[in-house]
Every structure is written in structure tokens, then in C-alpha cells.
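Participant: Could you build the full structure based on these sequences and the hints that come with them?
The residues making up each chain are set out below.
Protein chains: 2
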Amino acid sequence: MSTVWEQRFAHRTQRMGSSAIRELLKLTEHPEFISFAGGLPAPEVFPVEKVTEAVDTLMKEMPTQALQYSTTEGYRPLREHLARKMSEPGIVIGKDDILITSGSQQALDLIGKLFIDPGDRVIVEAPTYLGALQAWNAYEADYVCVRSDEQGMVVEELAEALRSNPKLIYLVPNFHNPSGATLTLERRKLLVKMADEAGVPIVEDDPYGQLRFEGDALPSLLTLDVQNRRDAGATNGYMGNVIYLSTFSKILAPGLRVAWAVAPVPVMRKMVHAKQGSDLQTSTFNQMLAYEVAREGYLDSHIEIIRNIYRERRDVMLAAMEQHMPPGARWNKPEGGMFLWCTLPDGVSSSVLLQHCLKNKVAFVPGDSFFPCEGGENTMRLNFSNAKPEMIREGIARLGAAICEMMQAA
Amino acid sequence: MSTVWEQRFAHRTQRMGSSAIRELLKLTEHPEFISFAGGLPAPEVFPVEKVTEAVDTLMKEMPTQALQYSTTEGYRPLREHLARKMSEPGIVIGKDDILITSGSQQALDLIGKLFIDPGDRVIVEAPTYLGALQAWNAYEADYVCVRSDEQGMVVEELAEALRSNPKLIYLVPNFHNPSGATLTLERRKLLVKMADEAGVPIVEDDPYGQLRFEGDALPSLLTLDVQNRRDAGATNGYMGNVIYLSTFSKILAPGLRVAWAVAPVPVMRKMVHAKQGSDLQTSTFNQMLAYEVAREGYLDSHIEIIRNIYRERRDVMLAAMEQHMPPGARWNKPEGGMFLWCTLPDGVSSSVLLQHCLKNKVAFVPGDSFFPCEGGENTMRLNFSNAKPEMIREGIARLGAAICEMMQAA
Numbered sequence: 000m001s002t003v004w005e006q007r008f009a010h011r012t013q014r015m016g017s018s019a020i021r022e023l024l025k026l027t028e029h030p031e032f033i034s035f036a037g038g039l040p041a042p043e044v045f046p047v048e049k050v051t052e053a054v055d056t057l058m059k060e061m062p063t064q065a066l067q068y069s070t071t072e073g074y075r076p077l078r079e080h081l082a083r084k085m086s087e088p089g090i091v092i093g094k095d096d097i098l099i100t101s102g103s104q105q106a107l108d109l110i111g112k113l114f115i116d117p118g119d120r121v122i123v124e125a126p127t128y129l130g131a132l133q134a135w136n137a138y139e140a141d142y143v144c145v146r147s148d149e150q151g152m153v154v155e156e157l158a159e160a161l162r163s164n165p166k167l168i169y170l171v172p173n174f175h176n177p178s179g180a181t182l183t184l185e186r187r188k189l190l191v192k193m194a195d196e197a198g199v200p201i202v203e204d205d206p207y208g209q210l211r212f213e214g215d216a217l218p219s220l221l222t223l224d225v226q227n228r229r230d231a232g233a234t235n236g237y238m239g240n241v242i243y244l245s246t247f248s249k250i251l252a253p254g255l256r257v258a259w260a261v262a263p264v265p266v267m268r269k270m271v272h273a274k275q276g277s278d279l280q281t282s283t284f285n286q287m288l289a290y291e292v293a294r295e296g297y298l299d300s301h302i303e304i305i306r307n308i309y310r311e312r313r314d315v316m317l318a319a320m321e322q323h324m325p326p327g328a329r330w331n332k333p334e335g336g337m338f339l340w341c342t343l344p345d346g347v348s349s350s351v352l353l354q355h356c357l358k359n360k361v362a363f364v365p366g367d368s369f370f371p372c373e374g375g376e377n378t379m380r381l382n383f384s385n386a387k388p389e390m391i392r393e394g395i396a397r398l399g400a401a402i403c404e405m406m407q408a409a
Numbered sequence: 000m001s002t003v004w005e006q007r008f009a010h011r012t013q014r015m016g017s018s019a020i021r022e023l024l025k026l027t028e029h030p031e032f033i034s035f036a037g038g039l040p041a042p043e044v045f046p047v048e049k050v051t052e053a054v055d056t057l058m059k060e061m062p063t064q065a066l067q068y069s070t071t072e073g074y075r076p077l078r079e080h081l082a083r084k085m086s087e088p089g090i091v092i093g094k095d096d097i098l099i100t101s102g103s104q105q106a107l108d109l110i111g112k113l114f115i116d117p118g119d120r121v122i123v124e125a126p127t128y129l130g131a132l133q134a135w136n137a138y139e140a141d142y143v144c145v146r147s148d149e150q151g152m153v154v155e156e157l158a159e160a161l162r163s164n165p166k167l168i169y170l171v172p173n174f175h176n177p178s179g180a181t182l183t184l185e186r187r188k189l190l191v192k193m194a195d196e197a198g199v200p201i202v203e204d205d206p207y208g209q210l211r212f213e214g215d216a217l218p219s220l221l222t223l224d225v226q227n228r229r230d231a232g233a234t235n236g237y238m239g240n241v242i243y244l245s246t247f248s249k250i251l252a253p254g255l256r257v258a259w260a261v262a263p264v265p266v267m268r269k270m271v272h273a274k275q276g277s278d279l280q281t282s283t284f285n286q287m288l289a290y291e292v293a294r295e296g297y298l299d300s301h302i303e304i305i306r307n308i309y310r311e312r313r314d315v316m317l318a319a320m321e322q323h324m325p326p327g328a329r330w331n332k333p334e335g336g337m338f339l340w341c342t343l344p345d346g347v348s349s350s351v352l353l354q355h356c357l358k359n360k361v362a363f364v365p366g367d368s369f370f371p372c373e374g375g376e377n378t379m380r381l382n383f384s385n386a387k388p389e390m391i392r393e394g395i396a397r398l399g400a401a402i403c404e405m406m407q408a409a
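Residue numbers (numbering that gives the first Met the number 0), protein chains in the order written: chain A, 0 to 409; chain B, 0 to 409.
One thing to keep in mind: the hints can contain errors.
To be verified - Here are the in silico distance ranges between beta carbons for each label pair:
(1) 295/A <-> 63/B: 21 to 27 Å
(2) 295/A <-> 89/B: 54 to 60 Å
(3) 164/A <-> 75/B: 44 to 50 Å
(4) 296/B <-> 55/A: 23 to 29 Å
(5) 297/A <-> 198/B: 52 to 58 Å
Stated by the list, open to error - Simulated crosslink set (SDA-like; lysine to any residue; CA at most 25 Å straight-line):
(6) 59/B <-> 52/A
(7) 188/B <-> 87/B
(8) 59/B <-> 63/A
(9) 94/A <-> 29/B
Honestly, the hints are just simulated from the structure, not real lab data. Ideal placement from N, C-alpha and C gives every residue a C-beta, glycine not left out.
Facilitator: Shown next as C-alpha cells:
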């Protein structure tokens with residue numbers, strides 16, 4: 000039976016499989032498990048009261064509009080709000096530069112649909128975000144990997160990759176998933192310049208940018224690109240080389256599936272067509288809800304609460320790591336976001352370690368999943384946003400114990 | 000600038016354009032316009048009070064769950080509810096046979112992703128639903144048209160089309176968009192049998208099935224297919240030949256973007272993978288909201304209200320057509336749904352008529368848009384669900400006046 004269907008499916012489905020992480024998450028749903036494997040925001044930071052208030056307002060003042068079909072581009076006041084938030088002196092982003100998407104995952108899918116013919120190459124960081132690979136595997140992309148270190152993509156090594164005639168350069172510049180790294184200002188400037196000269200668009204995926212615990216915010220690649228072409232004028236829309244993605248998932252709530260993309264005018268036009276065919280529009284209700292919560296600046300203060308909680312959890316995890324990780328293990332201290340990246344001594348397999356961890360009821364994601372080329376066998380991604388401090392302490396202790404067991408078994 | 004981008008876009012984007020209807024709808028947003036061009040439910044039938052109540056319950060009882068990420072397959076209680084609703088004696092649909100999608104448009108996109116390689120053929124009715132063409136143009140489908148009449152697809156002519164080695168047969172069996180036609184029981188039985196024998200899966204798109212004003216409900220193609228293989232047993236999931244789509248858009252509210260698909264087990268597995276890459280999941284909040292409204296049978300009585308209002312509007316439109324349409328024009332009397340289909344005398348172009356109509360501030364969709372092969376130049380789709388009775392009377396009068404003007408101009 001399955002065989003008959005296999006013959007009916009399109010060629011591209013050979014590249015489509017379930018994410019290893021999502022399958023793993025199902026295993027770790029048991030309440031005794033402490034999971035650092037997911038990428039969930041802390042439910043404690045959801046602004047339930049404010050959302051309730053916003054829903055009340057919506058259902059009192061504009062119920063039929065909220066429940067009706069609306070345009071593919073997105074709810075106009077929300078797009079205007081986002082345009083204002085993203086604009087700064089010298090940087091003009093207009094509402095027509097913005098498309099509301101059903102999560103950033105949809106934006107990745109639409110970008111794949113617009114740019115990737117089978118066999119087309121996309122430059123990605125190694126490690127890179129798994130959701131992008133999942134989106135683009137369905138369009139049969141090939142990946143060209145550029146190494147990343149604690150300062151993000153090693154842009155100095157980009158020239159070689161650019162010779163492969165890539166369609167896109169994809170990266171997560173802030174508090175990377177999975178690596179936690181943030182791309183330095185020098186590298187940002189160099190990247191934007193090199194991409195523009197090579198005529199290869201950048202996809203800047205920025206879900207975590209606002210979750211900075213310390214240090215100064217760096218300009219987005221989009222901003223740097225706009226600055227480089229300030230003479231172009233923005234009255235006719237953004238005409239640069241960066242497609243920028245961000246989302247309400249990490250600063251409001253992921254269950255609403257409201258995100259946005261900024262794209263150059265010719266790309267925006269095509270993205271709207273692609274979105275029409277993909278889901279017509281993002282939920283009117285949820286867009287109006289996000290606007291109602293965000294319109295008077297509520298999220299600016301709310302983000303402070305999220306930052307404080309995540310900073311504490313990161314610090315608790317770092318302290319526990321100091322205590323429980325074996326000699327030779329290394330990890331970073333991310334300045335924001337939700338993930339910490341740990342490298343075990345050479346030759347230690349994090350996949351083998353995971354088996355011991357599952358027995359000890361603790362989970363993480365083995366790092367090799369995030370390397371589309373090769374490598375990362377001794378690395379792991381640890382999420383610190385979703386577990387409370389006492390759980391983080393206990394979980395890292397279990398992780399340490401699992402490492403001891405593995406050493407003894409070897 | 001645009002030219003540079005054109006060279007970067009994937010081959011498939013040549014087939015992707017904005018829907019003529021959606022562009023037209025923008026023109027007719029002016030309040031003086033009476034538009035029969037859209038496909039919007041009547042906002043008067045949205046159950047605002049019940050939705051408000053459901054949202055209150057949700058935010059009191061399960062706020063963090065509603066705002067958090069959830070599984071790709073969909074909210075389990077909602078899938079269980081839909082499985083119960085769809086099951087009947089001898090027909091067992093399980094929750095695992097059901098995937099929640101972000102509107103049925105997403106299901107169409109996922110089906111395209113799974114089945115259509117460039118140049119693959121899909122059998123469609125002529126006329127057919129435009130959203131399906133939009134979804135599948137992005138996968139470079141070719142269409143094989145089977146004529147439809149007042150009893151739906153002329154299944155007796157399907158054999159010829161099946162010789163083209165098609166990947167799928169797509170149809171809207173109930174109160175068709177655009178034709179308003181309903182496929183007869185004989186044709187349903189014949190279709191299910193022929194498709195099964197040919198080994199070509201059927202995509203049954205059923206957004207309007209519950210909006211029946213008169214006459215008896217007919218079994219779905221899915222039901223007929225399950226009956227044909229009753230021996231197969233459903234404990235391991237549905238193993239038939241039909242992919243069935245339906246939605247909350249027409250019985251609750253389209254702004255929520257909650258729909259569902261039933262698919263054979265091997266297809267379901269792949270659809271979940273495809274959906275992971277496309278948007279991770281449908282809004283948790285909206286799924287829980289739909290469940291909260293639907294769980295105790297509220298929609299069953301609510302649908303009665305919708306039926307009564309739409310029946311009245313259909314009747315008002317039919318009476319006005321009798322009064323204002325010229326000799327030689329023909330139209331059907333749909334037994335449900337939202338659309339009426341009108342055929343003008345041979346040689347009269349509905350696109351030319353539309354130009355006169357726009358001057359008279361009334362709009363419809365010229366029928367040729369719905370014919371992927373050719374034909375339909377003298378046909379038009381009239382939506383009767385969205386305008387109030389007095390507006391329908393006035394709008395059809397304007398339409399009649401536009402026809403007179405066109406005749407005089409000729």
C-alpha cells in the first residue's frame with residue numbers, strides 16, 4: 000500500500016522527513032523528563048492578562064472584522080505599526096515593505112518557493128537553523144556551509160562559498176539557534192558588502208534580536224544594507240538586497256503564529272502571490288490581537304520581563320555547567336536568546352550521550368542535526384528558556400551524571 | 000532592478016500571479032459598490048457572542064497552553080471531535096486520520112507539494128475553484144479539464160481524461176465554487192469506482208457541504224470510498240483513495256483560518272512532514288477556540304441560522320434575476336452554498352459586461368477565470384451570501400442596466 004503511494008509522490012518528497020527534534024520532543028513529553036531539547040518560550044512570560052484584555056477589546060469593538068477574511072498582505076494597522084518600529088533616522092521602512100506571515104516558518108517556505116529550483120545552492124552557517132533546512136529541502140536545495148565560530152558566521156571565508164553561484168545566503172545573526180552566537184559588527188558590514196557585490200540576496204532570520212540580556216544591540220543586516228544605499232530613497236519601497244524576518248513568537252506568544260517579513264519590492268510582490276496560494280492570509284483575528292497588544296508600546300516593557308527571566312535561567316545553566324560538565328567540555332555565554340551551545344571533548348559523541356541521558360530523564364539535541372554538510376558530532380544544543388531554575392540545576396546534574404555513566408561504559 | 004530579480008527567481012514563479020479576483024476585489028472596496036464578486040460569508044452570521052464566551056473560557060482555563068507552540072498534527076481534542084463528527088455507522092474516521100490545516104488553502108498547497116512534479120497533470124472540473132489552480136500553479140501542474148453541467152462533473156467523460164496519466168482528480172462536489180452545482184449520487188459512485196480502478200487519488204474539497212438549503216444531503220466521496228472497502232477495517236487508519244478537505248471558514252469564521260484534511264495513512268504521514276516545513280502548526284489559540292465553540296454541538300444549531308439567511312439571499316437574487324436579466328440568459332438554482340452561476344447568450348462577453356458594471360458600481364467575476372483550459376467567456380459567478388437582500392435587489396438591477404447599456408453600445 001505504502002509502496003503504491005511512494006510512486007505517486009513528487010520527487011521532492013524524498014528530501015522531506017520529520018524533524019529529528021520534533022520526534023525527540025514527543026519522547027520527552029513525560030512530566031518526569033527535564034528537556035533542554037525544545038525551543039519553547041517560558042510559558043510564565045506569556046502576557047495572559049494583556050492578551051485577555053486585548054481580546055475583550057477586539058470582540059467588543061471589531062468582532063466581525065476580526066472574524067472575516069482579510070488581505071493577503073496583512074492587517075494594515077499592524078503593518079504600519081511594524082514599519083514605524085523598524086524605521087529609525089535615515090532608515091525608512093514603509094508598510095508596503097512588510098508582509099505578515101503565519102510564523103517565520105512560513106516566510107522560509109515562501110522564500111524557498113520563490114528562489115529555489117531543484118539543485119540550487121543556499122549558503123548557510125554550520126551549524127544552522129533546522130527549520131530553514133526543513134523548509135528548503137522541500138524545494139530540493141543544496142547547501143554550501145560556511146563555518147561559524149563564537150562570533151557567528153566566519154564571513155572571512157564567505158568568498159569561497161560565493162563562487163558556488165548560490166541563490167541565497169541564510170543566517171541568524173542574533174543569539175543563533177542553535178549556536179547562541181551573535182555576528183559581530185565588522186562581520187555584518189563585510190557580509191552585507193560582499194553579498195551585494197556578488198548579487199546574492201541575504202535572508203536575515205531574526206526571531207531573537209530583542210531578547211538581549213547584556214551588551215549593546217547591533218544594527219541588523221537590513222539596516223546596514225539600507226544605509227549603504229541611502230541615496231536610493233525609500234519612497235518607492237525598499238530596493239536592497241536583504242530579506243528580513245522576525246516574529247511575535249518570542250516576544251508575545253508562538254501559539255498565535257504571527258510574524259513578518261521585510262523584502263525588496265520585486266520580492267515582496269512575488270511573496271504576496273506565493274502566500275495567496277499557500278494560505279490566502281494569516282488569521283485576521285490573530286493579527287488584530289497582536290496589534291491590539293503591541294499598539295501602545297506594551298511589548299517594550301514586556302520584553303524587559305522576558306529578558307530578566309531568560310538572563311537568570313542562562314546564568315543558572317552556566318553555573319550548573321561549571322559544576323557538572325567534564326574537563327575538556329567548552330560552552331559559550333550567549334548574550335541573549337534561548338540557546339547555549341556546548342562542545343564535548345573530541346571523539347565524544349553527543350548522540351551516544353543522549354541515549355544515556357534519556358535513561359536519566361533529561362534531553363538535549365545532538366548538534367550534528369544542525370550541520371547540513373558534516374561535523375558537530377561532539378556538540379549539543381541546550382535550551383535554557385523553558386525550564387525553571389531549579390529544573391535547570393537538576394537537569395544539568397542529570398546530564399553530568401549521564402556523561403559519567405557514558406565514560407564508565409566506554 | 001526588477002529584471003535582476005526576475006533572473007533570481009525559481010522557474011515555477013513564472014506560473015505564479017495574483018488572482019484576478021483578489022485584484023478585482025480591491026477595486027470594489029468602495030462603499031458605493033455592490034459586489035457579487037467576492038466569496039465572503041455574511042458577517043451577520045458570525046457567532047460573536049459565542050466566540051467571545053469561548054475566548055473567555057480559554058483565557059481563564061488554559062491561557063498558557065493556548066499561547067504556546069503545539070504539535071503539527073493539530074490540537075488533539077479538536078481532531079477527536081472532528082473524527083466523531085465525521086464517523087457514522089460503518090464509517091470510522093479516527094483522530095489520526097485528521098490533520099488541522101491553516102485554512103483549506105493550505106491543504107491544497109500541501110497536496111501540491113506532495114504530489115505535483117513540474118508538468119504533472121491534475122484532472123479538474125471546468126469551471127473549477129481558482130484557489131486550487133493558484134496553489135498548484137506554484138508546482139507547475141498541467142490541467143486536464145472535464146466538463147461539468149448542472150449535476151457537477153460529467154463523470155461519464157472521465158475515462159478519456161484518465162488516459163492522460165493524471166496525479167490527482169480534484170473536485171468540489173457540493174454547491175460548487177463557482178458553478179453552484181452539486182454532484183449527483185450516481186456520478187459520485189461512478190467517480191469513486193473509476194478513480195480507484197485507475198489508481199488516481201481524488202481530492203474532495205468540501206467547504207460548503209453543510210450549507211444545504213433544501214433537498215437531502217448526499218454521501219461524501221470519502222464516505223463512499225470507505226464503504227467500498229469496509230472490509231479493510233479502520234483500526235489502522237484510513238487506507239482508501241480520497242483526500243477530503245473541509246473547514247470552519249464557512250460554518251464559524253474564515254478569519255480564524257482553521258480547517259482540516261482527512262487523508263489515507265501514507266499521505267497523512269507526508270502531509271505532516273510537509274506542514275512542518277510550511278508553517279510548523281496552525282495557531283494553537285485558534286484551534287482551541289474552534290474546539291471550544293464546536294465541542295458541545297453549538298455549530299449544529301448555528302448552521303441552521305446560516306442556512307436560513309443564505310437561502311433567503313439566494314431566493315432574492317433568483318427573483319431579481321427573473322426581473323432584470325435579458326432573454327437568453329440562463330442560471331441555476333443552487334441547493335446550497337454561496338454562489339450562483341449565470342450563462343449569458345452565446346457571443347456575449349462577461350468581461351466586456353464587467354467594464355459596464357464597474358461604471359454602474361456593481362461587480363461579479365467573469366466566468367472564464369475559472370476555466371484552466373478554455374471557455375466560459377459568456378459566464379459569470381455571482382455571490383449571494385455577502386450582500387443583504389435590499390443590496391442584492393439593487394445590485395441585480397444595476398447588473399441588468401449594465402447589460403442594456405452594453406447592448407446599446409454594441
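Participant: Each hint: holds or not?
Facilitator: Verification of the supplied hints:
1. 295/A <-> 63/B: 21 to 27 Å: holds, 24 Å
2. 295/A <-> 89/B: 54 to 60 Å: holds, 56 Å
3. 164/A <-> 75/B: 44 to 50 Å: holds, 46 Å
4. 296/B <-> 55/A: 23 to 29 Å: At roughly 26 Å between Cβ atoms, residue 55/A and residue 296/B fall inside 23 to 29 Å, so the hint holds.
5. 297/A <-> 198/B: 52 to 58 Å: For residue 297/A and residue 198/B the Cβ distance comes to about 56 Å; the hint holds.
6. 59/B <-> 52/A: holds, 12 Å
7. 188/B <-> 87/B: This hinted pair holds, its Cα atoms lying about 18 Å apart.
8. 59/B <-> 63/A: Within the cut-off at roughly 23 Å; holds.
9. 94/A <-> 29/B: At roughly 21 Å apart (the allowed maximum being 25 Å), residue 29/B and residue 94/A satisfy the hint.
In the structure shown, no violation is registered for any of the earlier numbered hints.
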